[in-house]
Amino acid sequence: MTRVLAIALTVLVSVPQPAAAYLKFGVNVGGRQVTLKWAQTPVRYFVSARSSVPGVTVSDFEGAVARAFARWEAVPTSSIAYTYGGLTVARPGEDDGSSTLGFESHPELDRVLASTSFIVDRATGALVESDIFFNSTFTWSISANGESGKFDLESIALHEIGHFSGLGHSALGETELRDGGGRRVLGAEAVMFPIAFAAGSIASRTLKADDIAGISDLYPTGDFSQRGSMSGRVTKNGQGILGAHVITFDQATGELVAGFTLTSRGEFSIAGLSPGPKVVRVEPLDDADIDSFFDVSQNVDADFRVLLFNRLIAVPHGGDSGSVELQVVAK
Amino acid sequence: MRSSRVMWCAAVFMVLSGSPASAQTDLPGRIEVSVGAQWLGETALGSKDANLTTPTGGALRLFSTSTSLAGVSGLEARAGVHVWHRVHAEAFGSFSKPPLNTSVANDYESSPSTTASETIKQYIVGGSAVWYLPQSPGSRFFPFASGSVAYLRQLHESDTLASTGRLYELGGGIKYLLRSQATGLKGAGVRGDVRVQLWKHGVAFDEGLQSRPTVVGAFFVRF
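Chains Z and E, in that order, are what the protein sequence lines are. Reminder that position 137 of the first sequence reads as 806 in our numbering, one-by-one numbering, no gaps. Reminder that position 15 of the second sequence reads as 829 in our numbering, one-by-one numbering, no gaps.
Treat the hints as calculated values from the structure; they're not laboratory data. It is possible that some hints are incorrect.
[To be verified] FRET-style restraints, in silico, Cβ to Cβ:
id : chain 1 : residue 1 : chain 2 : residue 2 : range
1  : Z       : Ala-739   : E       : Leu-984   : 49 to 55 Å
2  : E       : Ser-927   : Z       : Arg-701   : 42 to 48 Å
3  : E       : Ser-927   : Z       : Glu-845   : 48 to 54 Å
[To be verified] Calculated from the model, a selection of chain Z residues having no Cβ within reach of chain E, i.e. all distances over 10 Å:
id : residue
4  : Asp-790
5  : Gly-856
6  : Leu-911
In this text, a Cβ means the ideal position worked out from N, Cα and C, and glycines have one as well.
Generate coordinates for the entire structure from the input sequences, incorporating the hints supplied.
Structure below.
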């Protein structure tokens, strides 16, 4: 077994060769890519008995993470389920076979609100353990309406539990550079966007269509088979490009669901789409560090202009749109 | 519910016209077959923004869309039979390929606006009640009013996704008898219709009632 560290929100996430859209994580097992997920559900989790910070008791912590787990469980097209194992003396990050959530102090990680780490079975690629720590260096809130200057524990837990379940980051968001460094989120349409909303916001307590598509793709129920998919290639000068962000928009539902091109041929596949015609937009990764999504060794191409595709792409019930070629041009 | 309302409107129209209940038309024969061209007007299907959620729970527009089913010409065929007094019943089918156009604009990163399109294959199959208005004795012109209920099937460009709905037509027109004879083919002429089509569902993006004008020109024969 090996521990794969994924630091989430605000900065880096290590994504060892992404396997498909949203992103899902992929692991290399015997030379083949396997999607990282739990082999069995419900997934048992524990809360560290040391999980308290000023303004958040252990009981508050249990309540906030329970609400966040419940939101993922409530997705009707996903079978993911969790069960609470109770308090534990273990701490997040310990290789003890138990998935533990709790506060830890990491002042050296001054942009990391929380992080999720995994233990993966190298033989099967299945998740064995996943721990989440919330950085107690920051100030936290469990207030129903949020508190100015404090990060909303439930919102951050919702994001981390997405990682805990096997989801990577989504790039559905827009940011601007801050004077003091880093980026400020102007808007996001996925809980799995890698950068958190500013302290005080509770706008990330609700799963979006992109999150729902992602978790359903990992743990589908029978209903998910009625959703459709879109696949194709993004090319520049006739060559496929890696790391292009492909956004689909459904005018009937208002849903935005996105994915990436994940091969050097520029191939993408986005599952979990509502049937119907889609508007397609392709953009380079420029609203977060590229290594929030891809391994730095990969040749991600961010040198192209945003494309609003001039065709509507019909996504069928329970099927694929057929291959679509999206041609972008260099900036 | 909708179909009964359409029929009710047609019935009221017949009563208000005050024609003798026993009157028949001077059109020769009982059965009519027509084939012609139709023009369907443009229908706006609505606008919607692709929004991101802001930290305060508001909306940040990524881009805006506005969609319409463009005007198009098509084919229509009808077969009718005299059923009662001045009332004829018709079965009909039509085919057209209207473009579904979505204007995509106001991109957050200032990407040039575009129109994203696909071509819809549109099939309509239904039945009509045609009521002939009184005409001058010996006239070759036969004005009529009509109401229809139909099944709408719209097939997207990839032929993998169909949208269906129910469609209603209200309108009227006039037939002009070019020739008539006592035996065999008893008559032939031309027909012009102006109608309003109303439908729900199909490629529409909401539950509202969509509408468009329709104009048809056809050639008919009577047996």
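We went through each hint and held it up to the structure:
1. Z:Ala-739 x E:Leu-984: 49 to 55 Å: Taking Cβ atoms as reference, Ala-739 of chain Z and Leu-984 of chain E lie about 51 Å apart, which means the hint holds.
2. E:Ser-927 x Z:Arg-701: 42 to 48 Å: 44 Å, holds
3. E:Ser-927 x Z:Glu-845: 48 to 54 Å: Check failed, 23 Å falls outside 48 to 54 Å.
4. Asp-790: Given a closest Cβ separation of 37 Å, the condition holds.
5. Gly-856: 3 Å, violated
6. Leu-911: 20 Å, holds
In summary, the structure is inconsistent with hints 3 and 5 from the numbered list given earlier, while agreeing with the others.
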